[in-house]
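Go ahead and model the full structure; you've got the sequences and the hints to work with.
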Amino acid sequence: MSSVFEFVAEARKKPGTASAKSVRRQGKVPAVIYGGEADPEMLVLDHNEVVKHLAHEAVYSHILDVVVAGKAEKAILKAVQRHPAKARVLHLDFLRVTANEKLKAQVPLHFINEDVCVGAKLGGVVMHNLVDIEVACLPEDLPEYIEVDLSSLNLGETLHVSQLAAPKGVEFLALSHGDDHDADVSVVTVVPPRVEKGETSAEAEE
Numbered sequence: 001m002s003s004v005f006e007f008v009a010e011a012r013k014k015p016g017t018a019s020a021k022s023v024r025r026q027g028k029v030p031a032v033i034y035g036g037e038a039d040p041e042m043l044v045l046d047h048n049e050v051v052k053h054l055a056h057e058a059v060y061s062h063i064l065d066v067v068v069a070g071k072a073e074k075a076i077l078k079a080v081q082r083h084p085a086k087a088r089v090l091h092l093d094f095l096r097v098t099a100n101e102k103l104k105a106q107v108p109l110h111f112i113n114e115d116v117c118v119g120a121k122l123g124g125v126v127m128h129n130l131v132d133i134e135v136a137c138l139p140e141d142l143p144e145y146i147e148v149d150l151s152s153l154n155l156g157e158t159l160h161v162s163q164l165a166a167p168k169g170v171e172f173l174a175l176s177h178g179d180d181h182d183a184d185v186s187v188v189t190v191v192p193p194r195v196e197k198g199e200t201s202a203e204a205e206e
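Under full-length UniProt numbering, think of the first position of the sequence shown as 1, with each following residue one higher.
Honestly, the hints are just simulated from the structure, not real lab data. Just so it is clear, CB atoms sit at the ideal spot from N, CA and C, and this is done for glycine as well. You can trust all of the hints, since none of them are fake.
FRET-style restraints, in silico, Cβ to Cβ:
| no. | residue 1 | residue 2 | range |
| --- | --- | --- | --- |
| 1 | Val195 | Ala166 | 29 to 39 Å |
| 2 | Gly156 | Lys86 | 39 to 49 Å |
| 3 | Ile112 | Val191 | 18 to 28 Å |
Following this line, the structure appears as C-alpha cells:
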C-alpha cells in the first residue's frame with residue numbers, strides 16, 4: 001500500500017464544539033481518524049497544508065499516511081466538511097485501512113475522447129450524470145480514477161455503470177443489487193440537439 005500523500009497531525013485532547021472552534025481560530029483543522037481495531041482519535045492539522053493536499057484530485061482516491069507523533073497510519077479520506085461561504089476546511093474524517101480488508105471509496109471518473117464522440121459530432125450534447133463512482137476493493141487495488149471512453153457513443157445513447165471496465169479486484173457498488181435494472185445507473189448520455197418548430201416547418205415545406 002504505497003502512499004503519495006502525508007498528513008501530519010497532532011492529537012487533540014479536548015472534544016466538543018468549543019474546542020473545535022478554538023482549533024480553527026488558530027489556523028488549524030480538527031479531524032478524526034477511526035476504523036480498524038484502534039479507538040477513534042481526534043486530531044489537529046495545519047489548514048494550509050490540508051488545502052494544498054485537497055487541491056489534488058488524487059487525494060480523494062489514494063491511500064494516505066496520517067502521521068501522529070511520528071507514527072504513520074494508512075487511511076483514506078472519508079469526508080471533508082467545508083465552510084459554505086468561505087474558502088475554509090472545517091473538518092476531516094479519515095478511515096483506517098488494513099491490507100487484507102476491503103474498503104469502500106469514491107473514485108473519480110475520467111471522461112476521454114469527448115472531442116471525437118460520434119454523437120457530439122452530430123450536434124448532440126454530452127451530459128455527465130456521474131462524476132465519481134463508489135467502489136469496493138482491497139487497499140492495494142484502489143484505482144486513482146476510472147476511465148470512461150466516449151468515442152463510440154451516438155446520439156440518444158446512454159452509457160451505464162454495467163458497461164464500464166472495472167479494474168482487476170475492483171467492484172462497482174452500484175451493481176451490487178444483482179439483477180435489479182434500476183441499480184444500473186446511467187453515467188453519461190448524448191442528448192440530441194433540439195429542433196425548433198420553425199425549422200421543422202421549413203423542412204416540411206421543402
